[in-house]
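Asks: As a plain string of letters, each chain reads:
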Amino acid sequence: MTGPVATAVMAPAVPGRLQLAGVSKVFGRGDQRVVALEGVDLTVEPGEFVAVVGGSGCGKSTMLTLAAGLEEPTTGTVEAAGGVALMFQESTLLPWLTAAKNVELALRLHGVGRDERQERARRLLAKVRLGRHADKRPHELSGGMRQRVALARVLAQEASIVLMDEPLGALDAMTRDQMHDLIEDVWQESGFSVVFVTHNVREAVRLADRAILMGSRPGHIVQELQIELPRPRVMDAAPVAALASELTRRLREEVARHDESDYFDI
Amino acid sequence: MTSPTTSTSEQEASPLGPRRFDVGRWARRSLAPVILAVALFLGIWQAVVLTGWRPDYLLPGPATVLAALGEISAAGEFWQALGRTLLRALTGFGLAAAIGTLLGLVVARSRLLRAAIGSLVTGLQTMPSVVWFPLAILLLGLGEQAIMFVVVLGAAPSIANGVLTGVDQVPPAYFRLGHVLRAKGWNLYRFIVIPAALPSYVGGLNQGWAFAWRSLMAGELLVVIPGAVGLGNRLAFAQEFGDAAGLLAYMIVILVIGMLADLAFSALSRRIRLRRGLTVR
Ligand SMILES: Nc1ncnc2c1ncn2[C@@H]1O[C@H](COP(=O)(O)OP(=O)(O)OP(=O)(O)O)[C@@H](O)[C@H]1O
Ligand SMILES: [Mg+2]
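As they're listed, the protein sequences go chains U and L. Numbering-wise (the numbering used here), the first sequence opens with residue 1 and increments by one. Numbering-wise (the numbering used here), the second sequence opens with residue 267 and increments by one.
Hints were generated in silico from the structure; no laboratory data involved. On a predicted model such as this, the values are computed, not experimentally measured, just so you know. Please note that the accuracy of each hint is not assured.
Not close to chain U: a few residues of chain L, all C-beta gaps over 12 Å, as computed [stated by the list, open to error]:
| id | residue |
| --- | --- |
| 1 | Leu297 |
| 2 | Ala305 |
| 3 | Ile365 |
| 4 | Val372 |
| 5 | Arg375 |
| 6 | Gly444 |
| 7 | Asn453 |
| 8 | Phe457 |
| 9 | Asp528 |
| 10 | Leu529 |
| 11 | Leu544 |
With a straight-line cut-off of 35 Å between C-alpha atoms, the simulated DSBU-like cross-links for lysine-lysine are [stated by the list, open to error]:
| id | chain 1 | residue 1 | chain 2 | residue 2 |
| --- | --- | --- | --- | --- |
| 12 | L | Lys450 | U | Lys136 |
| 13 | U | Lys101 | U | Lys136 |
| 14 | U | Lys127 | L | Lys450 |
| 15 | U | Lys127 | U | Lys101 |
| 16 | L | Lys450 | U | Lys101 |
Below, a sample of chain L positions facing chain U; criterion: calculated Cβ distance under 7 Å [claimed, not checked]:
| id | residue |
| --- | --- |
| 17 | Thr367 |
| 18 | Ala439 |
| 19 | Val446 |
| 20 | Leu447 |
| 21 | Ala533 |
| 22 | Arg539 |
All residues carry an ideal CB built from backbone N, CA and C; glycine is no exception.
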């Protein structure tokens with residue numbers, strides 16, 4: 001429960017550590033100029049599960065885009081040690097490939113030979129419990145199944161940092177619960193660090209070791225909160241609910257400081 | 267995996283069920299209208315003949331022409347002409363496809379080239395390819411090369427354009443995915459951009475074929491190469507000899523080839539779209 005962490009000195013690069021120091025991001029010029037992020041300092045330790053919570057448009061996706069190296073920060077530095085994988089807000093499976101081939105593509109682009117990648121793709125799909133749907137194309141799968149394929153693809157990259165941008169936003173509560181279990185399982189098994197963006201506060205409390213609250217205009221980190229509830233946690237359990245409402249209260253305060261009303265789910 | 271809520275997840279059925287290309291269905295949906303069109307065409311033709319607008323020896327009815335077609339197709343020269351024309355069409359189209367695809371890919375990759383050549387390609391496309399024949403004959407002589415030149419020039423811009431449109435329409439999310447998966451340079455094109463551009467590319471090929479076929483027929487009407495007579499030449503000969511039934515018979519052959527090619531392309535593009543869930547059956 002501290003303010004933004006001061007990171008004047010960069011810690012040495014350990015695989016799985018993600019460091020953003022003094023990061024700001026400006027889009028456009030003149031009238032179009034938008035300061036999406038300002039003065040963001042964030043360190044994610046190897047193996048840590050960090051949830052980023054904030055209203056719509058506060059720069060969460062932008063932060064992940066920078067962390068994944070898809071864009072350069074306007075100021076500040078981003079250091080990601082080890083590979084970075086990104087799971088997108090909506091699943092971006094390639095529609096011309098079957099589930100298995102989508103996973104295999106990630107392996108292929110990482111130089112894995114044919115037999116090995118077929119074998120590994122099957123294993124990963126079995127891990128996300130899609131073994132029987134390996135040969136279906138994305139449009140033949142449900143939204144939840146598609147996100148599981150996307151998860152398998154992320155796992156195939158064997159990254160030490162996994163970024164997830166509201167990957168469960170479009171799913172129903174039931175499927176979402178299943179995905180929480182699955183994500184927690186694979187995270188505990190593989191030991192990568194996670195930055196999980198969501199505007200669902202409960203989801204953050206359900207999953208994360210630490211929640212980062214973001215405010216908008218310009219996007220910045222307002223607070224962070226260690227979540228020390230024992231795992232496994234249950235989304236509807238009282239301790240999760242209590243902490244979630246505490247987080248919500250803080251976010252409300254933050255929003256109240258701004259005129260425009262951002263929204264977030266509780 | 268101890269959570270009881272997840273154990274049923276494998277039973278989730280796909281909402282749409284598996285979709286595979288279905289020949290019977292394709293025949294009903296694509297072939298039936300074609301057959302109806304042919305019937306209508308024959309009906310109108312017969313009606314015009316019955317009005318007596320032109321004497322029988324100038325405008326014979328479908329029955330006479332079909333009989334002529336049977337007679338013509340019994341002769342070796344028909345098959346030689348058909349073979350010659352198809353050979354030219356496939357060579358010309360193949361060349362145009364190679365050139366158009368390469369041009370499209372090169373131009374798509376460079377913003378500057380795109381701006382410069384992109385409009386040139388569009389400009390070329392607006393020009394009726396027959397217009398090139400006088401120049402082609404002047405430069406290359408009355409021969410095979412002149413025909414190929416015009417066929418390629420007619421078809422390649424459409425094919426290049428198909429590539430360009432396809433690449434332009436690749437969703438930005440795919441490029442981001444490519445970056446995350448570390449697909450760079452040729453790999454990005456091979457695994458992501460080209461497959462994503464495929465539907466539009468097939469559209470370009472289809473249009474390119476149509477232009478190639480038109481250019482070829484124009485060429486065969488204009489250019490006669492002794493010993494290398496094509497369907498278009500036969501059509502011209504029939505007119506010169508006043509053989510109306512033969513003329514119409516050759517026209518029908520040319521029409522049917524065009525329609526078959528079109529059917530093949532639409533089946534191909536339908537198949538691609540079906541596999542991607544871009545269309546319902
Ligand atoms: N490529 C871009 N060009 C211009 N402005 C952008 C771009 N990307 C993001 N922005 C702006 O930056 C701000 C932050 O956007 P971002 O997508 O990071 O928000 P977010 O927190 O992910 O929102 P949401 O929860 O709705 O996904 C917004 O005001 C947005 O309009
Ligand atoms: Mg976002």
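Asks: Each of the hints needs a verdict: does it hold here or not?
Replies: Going through the hints against the structure:
1. Leu297: holds (26 Å)
2. Ala305: Non-interface label stands for Ala305(L): nearest chain U Cβ at 37 Å, farther than 12 Å.
3. Ile365: Non-interface label stands for Ile365(L): nearest chain U Cβ at 25 Å, farther than 12 Å.
4. Val372: holds (23 Å)
5. Arg375: holds (19 Å)
6. Gly444: At about 9 Å from chain U, Gly444(L) fails to clear the 12 Å cut-off, so the statement is violated.
7. Asn453: Non-interface label fails for Asn453(L): nearest chain U Cβ at 6 Å, not farther than 12 Å.
8. Phe457: The claim breaks: Phe457(L) does not keep its Cβ more than 12 Å from every Cβ of chain U (closest is about 6 Å).
9. Asp528: holds (24 Å)
10. Leu529: Per Cβ check, Leu529(L) is outside 12 Å of chain U; nearest 23 Å; holds.
11. Leu544: Its Cβ does come within 12 Å of chain U, the nearest being 8 Å, so this is violated.
12. Lys450(L) to Lys136(U): Judged against 35 Å, a Cα distance of about 27 Å means the pair holds.
13. Lys101(U) to Lys136(U): holds (10 Å)
14. Lys127(U) to Lys450(L): holds (29 Å)
15. Lys127(U) to Lys101(U): Measuring from Cα to Cα gives roughly 16 Å; hence the hint holds.
16. Lys450(L) to Lys101(U): With a Cα-Cα distance of about 19 Å, the restraint between Lys450(L) and Lys101(U) holds, given a limit of 35 Å.
17. Thr367: With a minimum Cβ separation of about 18 Å from chain U (threshold 7 Å), the hint on Thr367(L) is violated.
18. Ala439: For Ala439(L), the interface hint holds, since the closest Cβ of chain U sits about 5 Å away, which is under 7 Å.
19. Val446: holds (5 Å)
20. Leu447: holds (5 Å)
21. Ala533: violated (17 Å)
22. Arg539: violated (10 Å)
Consistency with the previously given hints fails for numbers 6, 7, 8, 11, 17, 21 and 22, ordered from lowest to highest.
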